[in-house]
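Residues per chain are reported as follows:
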Amino acid sequence: MYSMLNKSNLYLSICIRYTWLACLAMYIFPSSIHGQTMSHASLKYHEFNKSYAEMKMEYSYERSPQAVVQQDGRGVNQLEIQANAYHILDEHSKTWGNVSYTNSCIWDVQGTETSDYHLVAPYIMSDTIGGDMKAERYYFSAGYAWQTRHWTIGGELAYRALLAYRDIDPRPKNRVGHLHANVSMAYALPNTHLLSLHVGAQKYKQGCILGFNDPNKMVKEYHETGLGTVYSRFTGQNTSNDIQGQAYDFSLAYCPSLPSGIGAQMDWETMQLQKKLNGFNELPLTDLATNDYTLMAYYRKENKHNLWKIQTMIHILERKGTENIFGTDATTTYEKISERQYYDHHIYAYSLHGLYGWDTPQRHHYSIQTECIWEENAQTHTKNHNQLDYTWLKTNMVLTSKWALQKSSLQIQITGGVQWAIHSTYNIPRTTWNRYRLKNYKIASKDQTRLSTQMRYDSPWNISQKQIFVVAKYQYGNFAESLQTHRGTFGIGIIL
Amino acid sequence: MKKVNNNLRWVASMLLVCIGLCVSSCSDDDDVSHSKVALALESPTAISDFHYTNMQVTFTDKSTQEVTQMAYDAASSISTSLVDGIYDIMVEGEGDATVAGQTKHVKVRGELQSVEIADITDIKTLNIPLHLLDINSGFVLAEIFISGTETPEGEWYRGDSYFRIYNNSSEPLDAQGLILMESALQSDMHKDFYVLSEEKESEEIVAGEGTPYDQYKNDHFITDAVYMIPRGTAVIVEPGQSILLVDIGKDHSVDNPNSFNLTTADYEWYDENDVHADIQTEVPDLVKLYASSASVWSPHVRAIKTYAIAQMPEDVTTESFITNNTVQYYYEFVYGDLRRIMDSKKYFVPTTWIKDCVNLSNETAYEWNIVSTALDNSYAWVYDGTGTGYRGKAVRRKVISGALLQDTNDSAHDFENSVDANPFYVFHAE
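Protein chains in written order, with our numbering: chain A, 1 to 496; chain B, 1001 to 1430.
Some clues are possibly wrong.
To be verified - Okay, the calculated beta carbon distance ranges per label pair: (1) A:F250 x B:T1121: 50 to 60 Å; (2) A:A201 x B:R1340: 37 to 47 Å; (3) A:L79 x B:I1120: 55 to 65 Å; (4) B:E1282 x A:K217: 38 to 48 Å.
As the list claims (entries may be wrong) - With a straight-line cut-off of 20 Å between C-alpha atoms, the simulated DMTMM-like cross-links for lysine to aspartate or glutamate are: (5) A:K217 x B:E1153; (6) A:K217 x B:D1384; (7) A:K383 x B:D1084; (8) A:K217 x B:E1155; (9) A:K336 x B:D1084; (10) A:K220 x B:D1384; (11) A:K336 x B:E1363; (12) B:K1346 x B:E1209; (13) B:K1346 x B:E1155; (14) A:K383 x B:E1066; (15) A:K220 x B:D1188; (16) A:K336 x B:D1061; (17) A:K220 x B:E1363; (18) A:K336 x B:D1337; (19) A:K134 x A:D167; (20) A:K220 x B:E1066; (21) A:K336 x B:D1192; (22) A:K383 x B:D1188; (23) A:K217 x B:D1061; (24) A:K217 x B:E1363; (25) A:K320 x B:D1084; (26) A:K336 x B:D1119; (27) B:K1345 x B:E1116; (28) B:K1036 x A:D167; (29) A:K336 x B:E1155.
Hints listed in this document are in silico derivations from the structure and should not be mistaken for laboratory results.
Since we're looking at a predicted model, the values are computed, not measured.
Glycine is no exception: its CB is placed at the ideal position from the N, C-alpha and C atoms.
For reference, chain A alone in the conformation it holds in the complex (with noise of 0.2 Å):
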């Protein structure tokens, strides 16, 4: 049983890493805050019948006349440096990590002076200028597992450090610290497959400061509660605020130890984020509940030559946001004396994945991916009945084949994809510091197309052991009101 698992081992890797690869592209379309399963450190042990390191330096342009979202801005001019490592310590346990640094500047970022939006909304700061935003993030991660007879045991530890702040008023100054360590236990069941259990924690915290060396230019900031409503008691120059909180996730995968099989995973992550005003004795102004749930179920059949798996999942979303109400500020303190649950968001998502991949006597491969998704996004805030929903059906393919020249390889990855907005609506007052949202809208109500070309060239470097490779990637998006995206990556790396 051990060494057929030993053996097993190696198609499991086989098949994870290609289907991997392959997956990169899957989520052509931004997925909406996660929609991808969690990986569980047990099964990464799994992943690599070998150790590896690489290290890669990306840089990528992008500028648009207009943004697709306000809040991500129209374009950016960034640097990437990137190490990956996985190293096989001994026949039992295995350790691997990866440290990444990101210097880049988005350009025009409306609608928000706080980051991680797409995390913290709608409970941001914002005001009617906005601008460039500069933006430094740090990564570190690092993970161990080990196994015995029957057992994989697990664990991982990352960290995300961003600092983002703008150079001309507003100038908001962003610190985002977010934690998460995770352990996870995989059991090799008599029937060839792979049970494991994943737990972890995530710690979160955001400190927000904007201020105007300008007394000519100073705004009004507004501490917004979601599809165009505001504080209003604390707006103005409130301009100091934390968004600190917790998450917790929990995942449990059954997946074929042998290269076909049946799989499945569930994943449950619940996170709770509260927003205080540090000028009022950190006031906690609001909190919000996400709870997050995915189900995947797939079947993978492979021989010694092709490939084919069938996935389906289904992804659902709850946010709930509560605003606190306080009492009097005549004694200095305020005390809470009511909460209002206004918000609620929810994403439904249903998707169907094929992919088929195939070796040539040559050692080339190549492989096609299709991918078919129904998402239905809805925001709403009770108390004005506010109302900003979406249904998309998302289509994608990719097209990759990898060339094995002599000593070299040639990778070319084409993907496209279309987005039908199937039905939307907009109900939200307008206002002079509302219009971004609107913006938005008129974009995400309408259909849009996106190609992207990559191409990866590796080869051995004559000076030493090592292997070299190069990046160059192209992506292009089509949206409403004549919107084109250009957007081009490029990168070199070392296989150490």
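Start from chain A and add chain B according to the hints.
Quick look at chain B alone, frame taken from chain A:
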């Protein structure tokens, strides 16, 4: 086949567990909590047999600024259900009443500020005292400019503040003995103030003793600066005409082309002191009764205080005012376990003396009304909280028609906000 059945059984089990988790972890939608309140109106003591014909109640949610309005019905009270929160409640109306033995049509107003409405199991009754809205057509503050101007180099220029007092009646009025006052309290700093009936040392004050300020302000105005137009010589102001009270009566345009020539002002406030020399000009001085500043007095440049003009009775002298009109008030500062009594000693003026009163505040900082709603229901503003737009800006009373300026004791409606200051603005053709 058996292996496939086992696999399917595992997948089906996980599906069921997942669905169960989703269902069990989905919380019921929580209803937003509501509470029922009832209003009981107390008629003004100066009138009797009040029969109102038109009464409106306005609830303003302080968290969202959402306004709920309803008519006061013919019964003696009104009840409604409100979302739990903190509210400002305003009642305004009119009707017939007996005033000094005669039937008159009067206007009344009453308010409660920062009322906590939450966790009320039955129904909460709120008593609102109404005040007679005495819209007098005598002297009014027509224009207030106190924020300074800006030099062409972008520097802040001070010393050119002014108050323009206007005769809004149809008869000539004598301005001698008229006093100009600045409030001691600020509209952007709401505290739980109490007023003591007799002076005490700070250490002897017990938190909670005295008259709550919300009651005290109905009949009194606490001031930290009192300047009077000299008595002894009549200062006749014709209908539609005005007098100008300034800080320094010189030609400021020499030093700052964006400022004014105030050499033709009627009076200036002058502070003789040993700390900081004030500038003496040819403009006649006001009589200084009191100013909290040990050196020179300047109106609060952020325009977040209240200004009033009052007529001191003839039998009140400056000496008796200083002796008899002192007041001590306090609030308790609380921060965690730290509690401390913060008291001040100033002067008060009975509201019956007041001819006109104007609340000033900052659009983004307004917290409370520091005077009775009968004196001023709202506030005018120079500064909206953005940029330095307050420099060179004033508040100016609106013209109804001809020489008549609007005066409903509601500054939000009576004044044009943040206008270019002009001490010689022409309100009407001669």
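Here is what the structure says about each hint:
The hint said 50 to 60 Å for the Cβ distance between F250 (chain A) and T1121 (chain B), and at roughly 40 Å that hint is violated. Restraint check, A201 (chain A) to R1340 (chain B): a C-beta distance of roughly 42 Å satisfies the suggested window 37 to 47 Å. The hinted window of 55 to 65 Å between L79 (chain A) and I1120 (chain B) holds, with their beta carbons roughly 59 Å apart. At roughly 41 Å, the beta carbons of E1282 (chain B) and K217 (chain A) sit within the given window of 38 to 48 Å.
Taken as a hint, the K217 (chain A) and E1153 (chain B) pair is honoured in the structure, with Cα atoms around 17 Å apart against an allowance of 20 Å. Distance check on the hinted pair: K217 (chain A) and D1384 (chain B) sit about 12 Å apart at the alpha-carbon level, within 20 Å; holds. A C-alpha spacing of about 13 Å is found between K383 (chain A) and D1084 (chain B), which places the hinted pair at or below 20 Å, so the restraint holds. Of the pairs offered as hints, the one joining K217 (chain A) and E1155 (chain B) holds, with about 16 Å between alpha carbons and a cut-off of 20 Å not exceeded.
Distance hint between K336 (chain A) and D1084 (chain B) is fulfilled; the C-alpha atoms sit about 11 Å from each other, no more than 20 Å. Our distance criterion of 20 Å between C-alpha atoms is met by K220 (chain A) and D1384 (chain B), whose separation comes to about 9 Å. Taken as a hint, the K336 (chain A) and E1363 (chain B) pair is broken in the structure, with Cα atoms around 24 Å apart against an allowance of 20 Å. Between K1346 (chain B) and E1209 (chain B) the CA atoms are separated by roughly 18 Å; this keeps the pair inside 20 Å, and the hint holds.
For the proposed pair K1346 (chain B) and E1155 (chain B), the alpha carbon gap of about 34 Å is over 20 Å, so the pair is violated. Distance hint between K383 (chain A) and E1066 (chain B) is fulfilled; the C-alpha atoms sit about 10 Å from each other, no more than 20 Å. About 16 Å separates the Cα atoms of K220 (chain A) and D1188 (chain B), which keeps this hinted pair within 20 Å; it holds. Using a Cα cut-off of 20 Å, the hinted pair K336 (chain A) and D1061 (chain B) holds, with the two alpha carbons roughly 15 Å apart.
Between K220 (chain A) and E1363 (chain B) the CA atoms are separated by roughly 10 Å; this keeps the pair inside 20 Å, and the hint holds. Taken as a hint, the K336 (chain A) and D1337 (chain B) pair is honoured in the structure, with Cα atoms around 18 Å apart against an allowance of 20 Å. For the proposed pair K134 (chain A) and D167 (chain A), the alpha carbon gap of about 8 Å is at most 20 Å, so the pair holds. Taken as a hint, the K220 (chain A) and E1066 (chain B) pair is honoured in the structure, with Cα atoms around 19 Å apart against an allowance of 20 Å.
Straight-line distance between C-alpha atoms of K336 (chain A) and D1192 (chain B) comes to about 17 Å, which keeps the hinted pair within the 20 Å bound. For the suggested pair K383 (chain A) and D1188 (chain B), the alpha carbons sit about 28 Å apart, so the restraint of at most 20 Å is broken. Taking the CA atoms of K217 (chain A) and D1061 (chain B), the gap is near 30 Å; set against the 20 Å cutoff, the hint is violated. At roughly 16 Å between alpha-carbon atoms, K217 (chain A) and E1363 (chain B) fall within 20 Å of each other, so this suggested pair holds.
Taken as a hint, the K320 (chain A) and D1084 (chain B) pair is honoured in the structure, with Cα atoms around 19 Å apart against an allowance of 20 Å. Between the alpha carbons of K336 (chain A) and D1119 (chain B) the distance comes to roughly 11 Å, so the proposed pair stays at or under 20 Å and holds. With a C-alpha separation of about 30 Å, the suggested pairing of K1345 (chain B) with E1116 (chain B) is violated against the 20 Å cut-off. Distance restraint check for K1036 (chain B) and D167 (chain A): the Cα-Cα separation of roughly 50 Å exceeds the 20 Å cut-off, and the hinted pair is therefore not satisfied.
In summary, the hint linking K336 (chain A) to E1155 (chain B) is not supported, as the alpha carbons are separated by about 43 Å, beyond the 20 Å threshold.
When each numbered hint is compared with the structure, violations occur for hints 1, 11, 13, 22, 23, 27, 28 and 29.
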